[in-house]
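Asker: Residue numbers (my numbering), protein chains in the order written: chain P, 69 to 366; chain Y, 69 to 366.
Honestly, the hints are just simulated from the structure, not real lab data.
Keep in mind that the hints are not guaranteed to be accurate.
Note that identical chains are pooled: a pair holds if it fits in a single copy or bridges any two copies.
Unchecked claim - Mimicking DSSO-like on lysine-lysine, the simulated pairs with C-alpha atoms at most 30 Å apart in a straight line are: (1) Lys108 - Lys212; (2) Lys86 - Lys330; (3) Lys243 - Lys164; (4) Lys86 - Lys212; (5) Lys299 - Lys164.
There are 2 protein chains.
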Amino acid sequence: MRISDLGEFELIKRFKKKIRTNSSVVEGSGDDCAVLKFDKNSYQLLTCDMIVEGVDFYKTDNLRLVGAKALGISISDISACGGVPKHAVVSLGLPKNMLVSQVDLLARGLFDMAGRFDINVVGGDISASGKLVIDVSLLGEVEKNNLCLRRGAKTGDIIMVTGEFGGSIKGKHLKFTPRLKEARFLVNNFKINSMIDVSDGLVQDLGHILKQSLVGAVLYESLIPLSKQAKNSQDALCSGEEFELLFTATREEASKIIKSTKYRFKVIGEIMPESFGLRLINYKNRYSRFKLKGYQHF
Amino acid sequence: MRISDLGEFELIKRFKKKIRTNSSVVEGSGDDCAVLKFDKNSYQLLTCDMIVEGVDFYKTDNLRLVGAKALGISISDISACGGVPKHAVVSLGLPKNMLVSQVDLLARGLFDMAGRFDINVVGGDISASGKLVIDVSLLGEVEKNNLCLRRGAKTGDIIMVTGEFGGSIKGKHLKFTPRLKEARFLVNNFKINSMIDVSDGLVQDLGHILKQSLVGAVLYESLIPLSKQAKNSQDALCSGEEFELLFTATREEASKIIKSTKYRFKVIGEIMPESFGLRLINYKNRYSRFKLKGYQHF
Numbered sequence: 069m070r071i072s073d074l075g076e077f078e079l080i081k082r083f084k085k086k087i088r089t090n091s092s093v094v095e096g097s098g099d100d101c102a103v104l105k106f107d108k109n110s111y112q113l114l115t116c117d118m119i120v121e122g123v124d125f126y127k128t129d130n131l132r133l134v135g136a137k138a139l140g141i142s143i144s145d146i147s148a149c150g151g152v153p154k155h156a157v158v159s160l161g162l163p164k165n166m167l168v169s170q171v172d173l174l175a176r177g178l179f180d181m182a183g184r185f186d187i188n189v190v191g192g193d194i195s196a197s198g199k200l201v202i203d204v205s206l207l208g209e210v211e212k213n214n215l216c217l218r219r220g221a222k223t224g225d226i227i228m229v230t231g232e233f234g235g236s237i238k239g240k241h242l243k244f245t246p247r248l249k250e251a252r253f254l255v256n257n258f259k260i261n262s263m264i265d266v267s268d269g270l271v272q273d274l275g276h277i278l279k280q281s282l283v284g285a286v287l288y289e290s291l292i293p294l295s296k297q298a299k300n301s302q303d304a305l306c307s308g309e310e311f312e313l314l315f316t317a318t319r320e321e322a323s324k325i326i327k328s329t330k331y332r333f334k335v336i337g338e339i340m341p342e343s344f345g346l347r348l349i350n351y352k353n354r355y356s357r358f359k360l361k362g363y364q365h366f
Numbered sequence: 069m070r071i072s073d074l075g076e077f078e079l080i081k082r083f084k085k086k087i088r089t090n091s092s093v094v095e096g097s098g099d100d101c102a103v104l105k106f107d108k109n110s111y112q113l114l115t116c117d118m119i120v121e122g123v124d125f126y127k128t129d130n131l132r133l134v135g136a137k138a139l140g141i142s143i144s145d146i147s148a149c150g151g152v153p154k155h156a157v158v159s160l161g162l163p164k165n166m167l168v169s170q171v172d173l174l175a176r177g178l179f180d181m182a183g184r185f186d187i188n189v190v191g192g193d194i195s196a197s198g199k200l201v202i203d204v205s206l207l208g209e210v211e212k213n214n215l216c217l218r219r220g221a222k223t224g225d226i227i228m229v230t231g232e233f234g235g236s237i238k239g240k241h242l243k244f245t246p247r248l249k250e251a252r253f254l255v256n257n258f259k260i261n262s263m264i265d266v267s268d269g270l271v272q273d274l275g276h277i278l279k280q281s282l283v284g285a286v287l288y289e290s291l292i293p294l295s296k297q298a299k300n301s302q303d304a305l306c307s308g309e310e311f312e313l314l315f316t317a318t319r320e321e322a323s324k325i326i327k328s329t330k331y332r333f334k335v336i337g338e339i340m341p342e343s344f345g346l347r348l349i350n351y352k353n354r355y356s357r358f359k360l361k362g363y364q365h366f
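Based on the sequences and whatever the hints tell you, model everything.
Answerer: In structure tokens form, the structure reads like this:
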């Protein structure tokens, strides 16, 4: 059997079965970040993200944007857990015939992004590679009571998002701003029950919350904020690499969040009991149970 | 200009110039690990290492050994700083047509190595990739007074090593045991002035210590421990990926270390003033100044 027959998520499951961790690990593989014991008041967060030429970006893309993206993805993961990024290490697989000026562009994008978010790039590794590969590991911190996981959603919670969705492949996937400020505003001022960043697609990532929280949900098609690049709401529901936040909070908290005017958060649905499954109320005001596919590498 | 014209070390220098870190970073890029402030008594260590099919291993290699190597390299780095490895995240770039059984082998090697050294694998990322790529980031801890860096060597220090050198490419590079126990024995019982792991070649890695400590050295060709696979002492001096430890301590400490019988450490030379440069005393008892090349990716 080939891994393409198995699919990405089955493959990840296969790995996770093998994992044994000790009591210093609060939350291992299975959320946006690993959560590690740190000090009395806070946890440490650790995440890694690899991007590969020809898969996550193309040779012809501006490498400054690619460098920024490589770090931005991990900042988005730390944000989704409610934390603050601190230190990064960067592994680069570089084609031998790559121009030094191209490497400089890549580094500039990466270091600019690090500067914007006060991240120390503290080390790295360089290897030769046929295709350009960039892997960033990012260490962060989160106050214990600010930690957000995928498994905290509760029936009756309101589902909200930052930003707009759809057509990320047309450019946003290389130009997004990780929603760190928004995430910190949320966790510092409200009780957020669950949070995830939308990297595989809105429905697929909401699916992770539902599965881990043992709940269902209803989404309102008419409420999904569409970007200019979105073809339609179907696209907005499936588009990967949006790097927006999707989060849930009680109705009471949600109404406070909506009233706060510092950032724009939009309601898109509600958490339901598990037996309800995941349903969409479409423009004709009709329910449809659905399984939409988001992005899978295999 | 292509990066192959520049060479690996010039490329790394180019990156390091761009790095700005804040006061929470005790030691950034430039040692085996980054050293981060942690608590009253200890530092945190962070390192990453990427291995690529066709460069660091071949398709025909046993993937169980490849998985073990991917993590072993980073354990060796944490050891060289005197610390203890704790948590790892693993990014995998996998060819779509890879067999599931091959991925299982890779995972088994990696998790077995993690188990042997009490390391929690706490997360990861999977991407599609033309060639197999494995990047491991490893977080560790070290007591403040046990931290070993490259820059602590002092004139008069004795230079010592673990193990034997030469011909690693014939198999050891896939089957080495990271010298964690030996490193912890050393830092817990003796004052080690500087330490590095031999990944690029004995002379080249000693060169890192000399450069960062602003000292010179003399090596005795007849003292270099040769492995069975070593072609000759020249090979032993240049062979990369040996993953043995090279360290320095005062003459007094060195004699205590030699007398200790728990592990075998061998004297290979002495630290000299910077102006002395790096010289080898060959089998004919003659000095030769030399510049031997170790491994460079570009």
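Asker: All the hints need checking, so say for each whether the structure fits it.
Answerer: Tested hints:
no. : hint            : verdict
1   : Lys108 - Lys212 : both (9 Å within a copy, 20 Å between copies)
2   : Lys86 - Lys330  : neither (44 Å within a copy, 34 Å between copies)
3   : Lys243 - Lys164 : both (27 Å within a copy, 27 Å between copies)
4   : Lys86 - Lys212  : within (28 Å within a copy, 34 Å between copies)
5   : Lys299 - Lys164 : between (39 Å within a copy, 29 Å between copies)
Of the numbered hints given earlier, the model fails hint 2 alone.
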